[in-house]
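From just these sequences and the hints, can you work out the full model?
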Amino acid sequence: MHWYAYTVAGWLMLVGSFGIVRSRDLVHAVVSLSVAQSGTYVLLLAVGYQSGAPAPVFAGGPAPSTRVVDPVVQAMALTDIVVSATVTALLLALSIQVHARHRTVDPDALTRLRG
Amino acid sequence: MSRTVRLVMFGVAAAVLAPLFGLAIAGAPPFGTASHPYRDLAVAAALRNATANVVSSINFDQRGLDTLVEETILLASVVGATIVLRASTGDVRRELAGDDRALAAVTLVSVAVLPGTLLIGLDVVVHGHLTPGGGFQGGVVLATGLHLLYLASRYETLERLRPLHWYRWSEGLSTAAFGGIGVGGLATGAGFLANVLPHGSFADLLSGGTVPLLNIAVGVAVAGGVVVLLAQFLDQALRIASERDGKG
Amino acid sequence: MNTILIGAALTLVALGGAAVAGTAEPGRQAVTLSLFGLALAVLFFVLQAPDVALSQIAVGTAVVPLMVMLAVRKIDRNPP
Amino acid sequence: MSRSALAPLAVVAPILAACVVLVAGRRAPRLVIDVLATATAAGVAATTGFLAASTLGGRAVTWSGGWSPVGGRSVGVVLVADPLGAGLACLAGLLTAVAMLYSWRYLASLQAHYHTLVLLFLAGLVGFALTGDLFNMFVFFELMGAAAYALTALRIEEPDSVQGGLTFAVINSLGAYLSLMGVGLIYARTGELGLARIGRALGGQRADALVIVAFVLVVTGFLVKAAVAPMHFWLADAHAVAPAPICVLMSGVMVELGVYAVARVYTTAFAGVLPGGVLRTALLVPGLLTVTVGSGMCLIQRHIKRLLAYSTIAHTGLFVVAFAVLTPGSVAGAALYVLGHAGIKGALFLVTGLLLDRFGSVDERDLFGRGSRRDPGGWFFLAGGVALAGAPPLGPGIGKAVAEDAAGRAGYPWLVAAFVVGSAVTGGAVLRAGLRVFLGLGHPPQPPASETQGSGEQPETPSLVRAVPRTMLAAIVLLLLAGALPGVVPPLWVAAGRAARMFLDRTGYAGQTLDAAPPTPVAPLPGLGWTTTGVVLGLVSVTLAVAVALLGVYRPRRAGWRGPVRSPAPVELLHRLHSGHVGDYVAWLFLGVAVVGALIAVPLLAGR
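Chains as they are written, first to last, in the working numbering: chain A, 1 to 115; chain B, 1 to 248; chain C, 1 to 80; chain D, 1 to 608.
Keep in mind the hints are simulated off the structure, nothing from the lab. As the structure is a prediction and not an experimental result, all values here were calculated from the model. Do not rely on the hints blindly, as some may be mistaken.
Far from chain A by the CB rule (all over 10 Å, computed), these chain D residues [to be verified]:
(1) A5
(2) S74
(3) V139
(4) G203
(5) L605
(6) A606
Short derived list, chain A residues pointing at chain B, Cβ under 7 Å [as the list claims (entries may be wrong)]:
(7) H2
(8) Y6
(9) A59
(10) P71
(11) V83
(12) D106
Here are some, though not all, of the chain A residues that point toward chain D, as calculated from beta-carbon distances under 7 Å [claimed, not checked]:
(13) V21
(14) V98
(15) R112
The beta carbon of each residue, even a glycine, is placed where N, CA and C say it ideally should be.
Structure, rendered in structure tokens:
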């Protein structure tokens with residue numbers, strides 16, 4: 001269990017990147033990229049976890065004390081999620097235009113930018 | 001490069017990196033450790049500023065600069081997607097096909113759910129400094145809630161209720177408000193993005209100083225931004241066709 | 001108990017990620033992505049990160065898959 | 001208001017201006033938008049320029065949110081302006097102002113959206129240069145990215161444009177996510193995000209696998225941005241398709257900020273744990289590879305923007321090599337080189353943009369002999385080629401000379417060859433293109449099969465232009481002057497020397513940032529400037545460049561007049577490796593990470 005969470009984080013990064021490498025469709029590549037990014041959330045939250053500690057929200061919850069799960073990594077993961085979603089939106093928009101101009105989204109068929 | 005060469009190359013790289021990563025995590029503190037030095041400081045700081053949701057305190061007070069930049073990224077992406085998906089020469093606006101009309105049952109459910117969703121969104125924004133959630137989560141809920149209108153009736157109804165430049169304005173203005181509150185902190189001499197308002201008493205609706213204000217600014221910015229983003233995609237999928245397409 | 005929950009959620013996420021990257025057809029990928037997003041949200045809840053889990057539900061299971069679906073619909077509408 | 005207010009103002013001013021432009025853009029006349037955007041960029045340049053000059057006596061530290069550290073620790077995000085960082089921010093402001101001047105009344109169909117994105121891009125560049133926090137660096141990195149991706153793909157009617165933008169975005173985002181993994185790992189070890197805090201926490205520790213992997217992952221994103229081989233592929237695709245003024249920003253400062261970030265993160269956070277010798281090898285190997293690939297590809301291009309893009313890759317390789325020497329002299333050389341390169345390369349891109357607007361092509365073969373001898377652009381282009389080759393007494397020349405001198409003193413005299421050859425080949429390629437296009441010398445080149453052509457593109461102005469607008473010419477002249485200046489202003493050399501010393505001073509950085517310690521005075525670096533060797537090596541480079549250019553122009557034909565010439569095998573291979581395939585680029589990216597990782601991990605972990 002100790003290293004399982006970190007391993008899953010690395011696995012997501014690897015499997016997402018592998019998805020891009022073997023992709024035959026740019027939309028698929030963009031979605032795979034977001035899988036790779038989800039590895040970063042898992043890593044951050046795993047780093048900040050403390051066994052048996054409650055969430056760092058005190059209203060109506062636990063009495064204020066520092067024995068809570070690390071809120072800093074949660075704030076980072078939140079920022080990360082927003083960034084990921086907006087960049088994914090931009091990438092999908094670009095994919096739509098690639099298709100409109102090239103009539104294909106297969107990377108193997110997009111051969112104009114060479115050399 | 002051929003597909004095989006590409007996959008082999010990636011495989012070689014992965015074969016080097018996977019064991020290195022393994023060694024690295026073997027040197028990390030065990031999962032569930034009790035030692036979190038930054039956490040200790042951050043929780044104390046949040047309590048000092050009477051912000052019950054420590055994550056909100058970090059996002060909007062302690063590390064507010066990160067969030068300001070995050071809102072700016074959202075703005076850049078929304079403007080970017082608007083530019084990339086703008087109608088270009090050769091594009092024509094299609095009439096909507098008949099199947100874009102919704103079923104009566106769906107309409108009923110959506111109309112019933114819509115006000116509740118909007119209320120939940122507002123609630124999540126306003127209580128962001130107290131309970132889980134905040135401007136970002138609430139903003140997304142508000143934006144998606146508005147799109148229930150599309151399920152509820154026809155795309156035209158949504159289009160009429162969605163003068164896009166309003167949403168773009170609200171996004172721009174609220175991002176500017178975030179930056180402006182930051183500059184306000186500078187002007188008082190307390191520092192950029194400093195929490196200069198009275199902190200109130202712990203766990204009250206009016207507590208946390210600037211945190212709830214920034215939460216609201218982010219809520220408006222995110223709601224506006226997501227509406228504009230989804231609008232670009234919906235327009236592309238439903239409305240815009242290229243002259244070069246067949247019957248489409 | 002909590003350890004078991006976390007382990008199960010992690011396994012679900014690991015499998016889900018592989019499934020999303022392995023789904024070759026982007027139309028179906030929007031669905032697997034949404035389910036994967038849900039699995040991540042569950043994981044974040046059991047890791048005591050309700051703020052992150054809420055964002056993940058709003059973004060990862062709703063908005064992003066919706067955009068993927070719309071992009072796929074636009075692309076499929078105009079075959080080469 | 002104290003000096004510490006200036007850094008956050010320089011970041012937030014372009015953001016606020018972008019919001020104003022976005023909201024007012026539909027109503028306000030174009031002239032107002034143009035003036036507002038240009039003035040904002042100039043204001044940022046003035047502010048950060050003042051910061052750069054005033055911080056020579058000590059860094060300006062700003063804790064955002066007013067969270068000043070207690071006992072050396074704080075929960076806030078810190079901006080640390082030192083002469084090098086603020087100088088780069090100032091460069092970003094200047095280049096943006098010039099790019100805005102060039103784009104006066106340009107890309108009219110986009111309304112104010114173009115200005116909004118450029119201003120947000122500027123905010124990202126400035127923030128990235130000034131921040132002293134690792135996670136904040138990632139956020140600014142993404143801001144630079146999001147704006148740059150959209151700006152690259154601005155001309156959506158061009159098939160290449162959207163494809164280049166997408167490739168750029170996928171590769172850079174993946175790099176950023178790998179960086180964030182590294183941030184997570186280093187946070188796991190130290191519980192810190194501030195660079196100075198991480199430096200203190202790691203100082204004196206043993207470099208174990210976690211620290212090594214964290215460092216390698218963190219710098220991966222920056223190496224991708226710096227287009228260090230084999231992670232450089234995206235750059236040529238993006239620069240070839242981006243509008244010319246955007247190329248000025250990307251080539252002149254964004255790519256250089258990648259190198260800067262590697263250097264910043266190493267010197268402030270990791271220098272106490274990773275030995276300099278190991279880092280030097282890990283940077284010299286990819287750096288020299290970058291110089292080789294960049295100059296080789298530059299030489300065999302006919303698409304002029306791609307040619308310039310590969311020249312940027314080669315020069316970035318030289319900046320990496322210069323930093324890898326890790327002495328104050330080499331860092332000062334790199335800083336001066338970056339300044340000179342930004343001006344000259346920017347001017348070259350803008351002249352190429354003019355070619356596109358006039359002839360609808362940037363293809364060396366298409367344009368053969370079409371430029372007129374009376375066209376000032378042609379002479380600017382040729383002058384740019386000579387300057388790029390390192391001609392004394394111009395900006396790139398002084399940077400090259402100082403870096404060569406430092407490499408020799410540090411015991412790496414053989415690195416001089418890389419500087420001479422790299423600048424000669426890229427300068428020669430530019431000269432060759434200029435001689436053919438503007439003077440019509442030699443025979444038109446024959447087309448091999450597998451390369452990007454540059455013909456049949458849409459101009460960036462509404463229609464092909466006849467007379468060049470004065471604003472565009474003014475922008476080009478300004479950039480050429482800015483590129484020449486560092487070579488003839490001795491105070492700038494002194495400042496660069498002191499800036500470099502401060503940049504490498506880890507203890508001083510941490511003391512001023514965390515303990516509000518008084519600044520330690522920095523003595524100037526002796527003997528920094530033009531030396532006889534420097535001038536001679538500069539002249540050698542220029543002679544070689546002219547030889548390369550003339551050889552390219554008057555090369556004896558291998559095949560007859562019929563049919564295309566087959567390129568020699570290595571050239572063909574180089575062309576093929578740059579496949580434009582996003583999957584290939586990701587595979588190369590991981591291979592690059594593996595190589596850098598192995599170069600650092602093997603010497604440190606083997607034998608334990």
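query: Can you list which hints this structure breaks, lowest number first?
result: 3, 12
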